[in-house]
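Undergrad: All chains should be modelled from the sequences, with the hints used to inform the complete structure.
The lines below spell out each chain.
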Amino acid sequence: MSKQPNIDTSPPVSDEIRKTTCYMCACRCGINVHMKGGKVAYIEGSRDHPINKGVLCAKGSAGIMQVNAPSRLRSPMKRVGPRGSGEFEEISWDEALSLATSRLGKIRKEAPEKLAFFTGRDQSQSFTSLWAQSFGTPNYAAHGGFCSVNMAAAGIYTMGGAFWEFGQPDWEHTKLLMLFGVAEDHDSNPIKMGLGKLKQRGAKVIGVNPVRSGYNAIADEWVGITPGADGLFITSLIHELLRAGKIDLDYLARYTNAPALLNSDPNDAEFGLFLRDDDGKMLVIDRKSGKPTAFDKKGVQPDLRGTLRRAGVTHEAAFHSVAETYLAPEFAPEAVAERCGIEPQTIRRIAAELARVAFDEAISLPIEWTDFRGETHSEMIGRPVSFHAMRGISAHANGFQTCRALHILQILLGSVEVPGGFRFKPPYPKPVEAHPTPHCQSNPMAPLDGPHLGFVRGPEHLALKPDGSAARIDKAFTWENPMSSHGLMHMVISNAHAGDPYKIDTLFLYMANMAWNSSMNTKSVIDMLTDRDDNGEYVIPNIIYSDAYSSEMVAYADLILPDTTYLERHDCISLLDRPICEADAAADAIRWPVIEPDRDVRGFQSVLCDLGARLGLPNFTNPDGSAKYKDYADYIVNHERKPGIGPLSAFRGDGTETGRGSVNSEQLDRYIENGGFAVTHIPDSARYYKPWNMEYQEWAVGMGLFDTPQPYLFSIYSEPMRKFQLAAEGHGERQPPDHLRKQVHDAMRPLPVWEEATDDEGGEYPLHALTQRPMAMYHSWGSQNAWLRQIHGRNPLYVPTKVWEAHGFQDGDWARVTSRSGEIVVPVAHQAALNSNTVWTWNAIGKRKGAWALDDNAPEATKGFLLNHLIDELLPPKGDGLRYSNSDPVTGQAAWFDLRVKIEKCAAPDEPQPAFSSLRSPVGKGPKDLAWKVGS
Amino acid sequence: MHPAPSVIFFTVFSGMGFGLLAFLGLGFPAVTGLLAFAMYTIGFGFAVGGLLASTFHLGNPKNALKAFSQWRTSWLSREAVLSVAALLMMAVFAIGAIFAGVHFTIVGIVGAALCIATVFSTSMIYAQLKTVPRWNHVTTPLLFLLLSVTGGALLAGQVSFALPMLIATGAVQALTWYLGDSRFAQRGSTIETATGLGMIGKTRQFEPPHTGGNYLLNEMVYVIGRKHSMRLRVIAITLMSPVPFALLLLPHNHIWAALAVLSHIIGVVASRWLFFAEAEHVVGLYYDKR
Amino acid sequence: MTELPTSTDRKLGLVIDLDTCVGCHACVVSCKGWNTENYGAPLSDQDAYGAAPQGTFLNRVHTYEVQPPEGAAQTVHFPKSCLHCDDAPCVTVCPTGASYKRSEDGIVLVNENDCIGCGLCAWACPYGARELDQAAGVMKKCTLCVDRIYNENLPEEDRVPACVRTCPAGARHFGDFADPESNVSQLSRERGGMDLMPELGTNPVNKYLPPRPKQTEEIDILAPFLTPVAEEPKGFLKWLDKALGGD
Ligand SMILES: Nc1nc2c(c(=O)[nH]1)N[C@H]1C(S)=C(S)[C@@H](COP(=O)(O)OP(=O)(O)OC[C@H]3O[C@@H](n4cnc5c(=O)[nH]c(N)nc54)[C@H](O)[C@@H]3O)O[C@H]1N2
Ligand SMILES: Nc1nc2c(c(=O)[nH]1)N[C@H]1C(S)=C(S)[C@@H](COP(=O)(O)OP(=O)(O)OC[C@H]3O[C@@H](n4cnc5c(=O)[nH]c(N)nc54)[C@H](O)[C@@H]3O)O[C@H]1N2
Ligand code: SF4
Ligand code: SF4
Ligand code: SF4
Ligand code: SF4
Ligand code: SF4
Ligand SMILES: [Mo]
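Residue numbers (UniProt numbering), protein chains in the order written: chain A, 1 to 936; chain P, 1 to 290; chain B, 1 to 247.
Do not take every clue at face value.
[To be verified] With a straight-line Cα cutoff of 27 Å, these simulated DSS-like cross-link-like pairs (lysine-lysine) come out:
| hint | chain 1 | residue 1 | chain 2 | residue 2 |
| --- | --- | --- | --- | --- |
| 1 | B | Lys214 | A | Lys199 |
| 2 | A | Lys465 | A | Lys523 |
| 3 | A | Lys905 | A | Lys39 |
| 4 | B | Lys214 | A | Lys291 |
| 5 | A | Lys905 | P | Lys289 |
[Said to hold, decoys possible] Just so you have them, the derived chain P footprint on chain B, three or more residues with Cβ under 8 Å:
| hint | segment |
| --- | --- |
| 6 | 72-85 |
| 7 | 146-156 |
| 8 | 166-180 |
| 9 | 197-209 |
| 10 | 231-241 |
No lab work stands behind these hints, which were simulated from the structure alone.
Virtual Cβ for every residue (Gly too), placed ideally from N, Cα, C.
TA: Shown next, in the form of structure tokens:
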């Protein structure tokens, strides 16, 4: 045998590591960017980072192909061809900014609401909203409305915090995790890491999802529910638990509004509202004294059975309503089984399993803590059942109530903010009362009267004009969807086109591909964007757009403000916004230019600082009229929300202060030295029971999360919702128009009860149609990534066995899929582990020809497709001449997953239908071959 | 397996070329001078041309010399070594025959043996592969050797030898197909053994690992054209065996003889195309394709 | 060179846990990234932005559906890279000696300086673990990150393969199978680590942990948990009285 070659097993890995934050999804993992010769050589996860602790997903690892994608925009551009052609002329930044300034300046002088500024999934919303507020338009929101506002709002209204990435199961202690409708989520890597931990410990995972893929593939039990029925399933679990008395009475009495006294007199104008004392505090019956007492009085022991007659009106603990509602036979497993597609015995067994683990396998941590009533507890009792859910339950028109039902289930089991249960991440928990209410008062040359988005507590907070019409272009916070806390991004184009509630001048979009994958009914949105009025002018007169890449949306804008990629700019992942906290720590992070752009592009936030100064906006201009912030980095360091509180919480003041502290000009450097992030741990005895744990509350005040402690009770019963019902019943000053009284009354039930999400098209459109996010793709922008597009370059429609066989489908077949609003012709594939009434496909793989610097014959365009063509942003006309959006009637959340279709086999066309003409690429096409290596 | 034209050419022509050289080395016919020159040109042309063609199949031909190093373990390396040895040996023999009119008998015999050994090692490159059950059998070397000898006999004009060989080749070809058709199943590799998931139940691919192409799919999961395989088999065996046989039975004539050779070559090329195209690599199991 | 060592001092390899892999492809891409920048020629891509993109990857994640005799079909994500076989047929077929199995740790490697790109080793591998790079013309395969696991320029905790380091679910484990007490040996023992296509006699080093049985417990065991305390609200409230030690 000859000698083995000598190989160098210790080659140098890189010249330098620069630590920053990933951007390929909303998870925001820490990354080590290995540099060679000033170039990005390799990206790996950062081990110290609180989110990902070293791991990195496929998208994150493919960042190098994102930063070098041929589709990157290279310079500001002015449209020269008709909208949608893709014909542009490159212009200078000076020209671009003066074009924008003169148009926006005019709007601001005349009617600021004629600017609609909507941003996509970026997380600089505290900054962009400040800009919009300073401009004075009421028309600002980010993507939450079409994303998962049901989840956010239901969580905050019910328990002062939500799933998304705002909380997490107690991965260390939980013994049973139930996942509802999650394919990937914003907390991507933490969920995977958490599942891995559960697997290692042998904890059980139950996946509730029509599709068994991804997380559901490794779930120990898969519940293949029929879409839209989770609320029914969950309330049935609640029914079983109540019937068996398997609920945490102590927890309910102490930490929820279940013992709070409700006006129970149907004839009273306050029927269904809580009895309050003169300080506005809810009253409970104290078990010791038997007397009505403020819920938070020192030593009070609230009685779940409490009743009180006062001034001739009966008041009963809200828990009476809970029991009455959910013990009704309509919630029995047998009654719900068929609609859910789950056997009654399965429902019963899962209820029993939840009960067993919560109560028989309860755990206790020997940690002493003191609650807000002053009582000290020697231990922390844990109910080791946890839940997580995301768009699968929220992206339905019954999603808000479904999410509420799930939270009520968690609370009944006593498994929120306890060891083994679900835990909040700072700045949550945070009661609704600590959130702003929406503001919409706009005047020329003046800032808005307050933040745009917030949480209504009753009809008085709706964003209505004096005549009762919608103040906002997206009709958020109106009777159609009163609790639309994130706005309704999916309605902006459609409403602006219809001039309903009014016409606008400029649509200013930032990183939202509204001409393609984030629109319902893409084709008609394209038509709206290109529609002209009788004078030949575009119906939506002016569109300004900031993108970093040559997306489909670029072609539909008049002015393009090209952004940098994520490695070329400053960003701030702030506690004021959507931070990167863990349940045990507050944490925030930055991005910083680890490389300089090689094109004439600018970070969008810096551009907004510049535009703000040119427009003379308050908050962006010094008294002498000069620009307040040189760029975004300057803003991050120097902006203060309140004295001592800025976008970044750590290294304030002299560099040692955390949470509160004066501006530190070296703050960014300190973040960079620290790995691009900062973590502040929560003291041990403050780690659980946070809403009621005084040590946590005080820690939060110290961190600047609140100004005073904010302990609160969970809202099993939602009083704000009841207030809307009262209005619908005819009480109060602001009442819904008659055609909406019933809708409001049905939708705003203070205890969630399931309703069918759509008027069941059952007969004609028997199948539910869904999308899922592929783990290795990010919406539309993964496809420009040379590595990722080899993994998911096209998408079939997956069809369950029953349907596959009934239609005689075979591999390679195509089908015509029809909904009430459209038709597509697409390739099909078979999946056995799929709910038998459901078809689905991967989200946003299909691409428009000519976009993303891809070849016209790219499989993304010639085989990939969007389901969006079948989804409508408007419901079919109801005959009253009004337009109703395909949204949840509580929050306005886009009901992506209520889609019903029928399917038939058909001959294979050349490419999926509908087919679109090719866009002209403003950046040319990508190179043929790649052999990427920056080192030698 | 992907029927790469270079490999088909290489194996068909080098096989025949070495066959012819072997006959010449053994003195059938014992030609000299110009005629020898012509015949050796054909023999070396086929053998060397085939070998050269095979280098088109290489991703990195500049290292080709290294392929001689592993003769102890690698059939491909053995083939390289043997082919060069065979060609050198036969070159000495040919030089004698052409220029001196002498036949170095020992050299010829050794050369002929080396030629046959070369063909055998070529065939063993395929026959050794457990991953391609259709090839992994004695019929592979048998057929390769028969084809080489038959082709050689035809080219060498050894009609009386060629006639029975044509029949034998056809028979072995038919037998190869017949046995080969069930060999994948006999090997027992299934998607269940490939994934180990058989212990749970019947397994199928749900999603491929990549929608883009890759080397494996191009090279080893070649499924195009298999639906024509029955027709091609008939054509291949007919042209390879009975047609040249019949042509050779016709009154002796160069045209018929040339046509017989041509027919045989076309038949063998078709057979060799099928040899690859029909060969299923076990890796296809991972893609639920064969 | 293409002779296999009769035994290796260590047997380095991976354990892949099919019960934990969620099919995220993170390992696929981090492997691509690391190996593009490191050992040997970069992993190239052809028609990268075109109609038929294809490139070299050393690790791929398949997805299968398995139908057990009873119950719903199961979905299994199945990562696959070189198994560093003890009886590696890819090594013995190699004409140049480019393919070899390291005697010190059993890693099967291709020495690109010797490789002629004949493809025979890829034919010999049952598992599709080798891909011929179309730009460099040399054979590429999993190196078990030989340039990471001993790399003194990396912090010690990072001296693991890129795919192992990145796997968010922790479904990949790296270690020495020659040591019966190593993490991989133990895992494999406890969870029934299996060989792929054992009938081909390759004796893979890498082991796969089968998905755990997805059973659902019998209702009877749990039935007592749901013994009703009340069928209707009134009864429930009475029970509540009692439960709370009511007066
Ligand atoms: N059928 C169906 N449709 C859906 C969904 C679904 O489940 N099913 N999901 C919906 C949901 S939840 C969402 S959030 C939306 C997402 O939809 P979008 O937010 O529209 O989609 P993205 O692909 O994230 O792309 C937004 C744009 O941001 C650009 N971009 C990327 N990086 C940068 C950058 O650094 N700077 C700037 N300025 N721009 C950048 C991209 O090029 C792209 O054009 O899709 C929605 N659409
Ligand atoms: N890799 C990757 N990660 C991402 C994104 C991405 O594009 N790619 N996008 C990010 C964004 S913007 C968002 S909003 C999050 C969303 O993250 P997810 O909420 O995980 O989003 P979806 O992929 O839409 O998954 C919805 C899941 O719900 C299931 N489902 C649908 N209807 C029902 C139902 O009625 N009941 C139940 N139980 N299940 C149902 C679907 O089968 C699917 O599995 O992901 C974020 N993370
Ligand atoms: S989950 Fe992936 S894409 Fe998202 S931030 Fe983390 S590494 Fe980046
Ligand atoms: S898996 Fe394939 S390439 Fe790896 S050692 Fe085994 S046979 Fe060789
Ligand atoms: S491709 Fe390279 S490594 Fe593989 S057998 Fe041929 S020479 Fe050896
Ligand atoms: S060990 Fe290294 S080379 Fe092998 S699959 Fe993992 S990352 Fe790729
Ligand atoms: S990274 Fe881990 S979980 Fe993801 S596909 Fe690879 S092995 Fe599976
Ligand atoms: Mo989203």
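Undergrad: Does each hint fit the structure? Answer for all of them.
TA: Hints versus structure:
1. Lys214/B to Lys199/A: 13 Å, holds
2. Lys465/A to Lys523/A: 32 Å, violated
3. Lys905/A to Lys39/A: 51 Å, violated
4. Lys214/B to Lys291/A: 52 Å, violated
5. Lys905/A to Lys289/P: Since the Cα atoms of Lys905/A and Lys289/P sit roughly 24 Å apart, the hinted pair holds (cutoff 27 Å).
6. 72-85: As far as the segment 72-85 of chain B goes, the hint holds, because 5 residues have Cβ atoms under 8 Å from chain P.
7. 146-156: Our answer is that it is violated, as 0 residues pass the Cβ test (under 8 Å) against chain P, missing three.
8. 166-180: With 0 residues closer than 8 Å to chain P, the segment 166-180 of chain B misses the three-residue bar; violated.
9. 197-209: Satisfied; 6 residues make the cut.
10. 231-241: violated (count 0)
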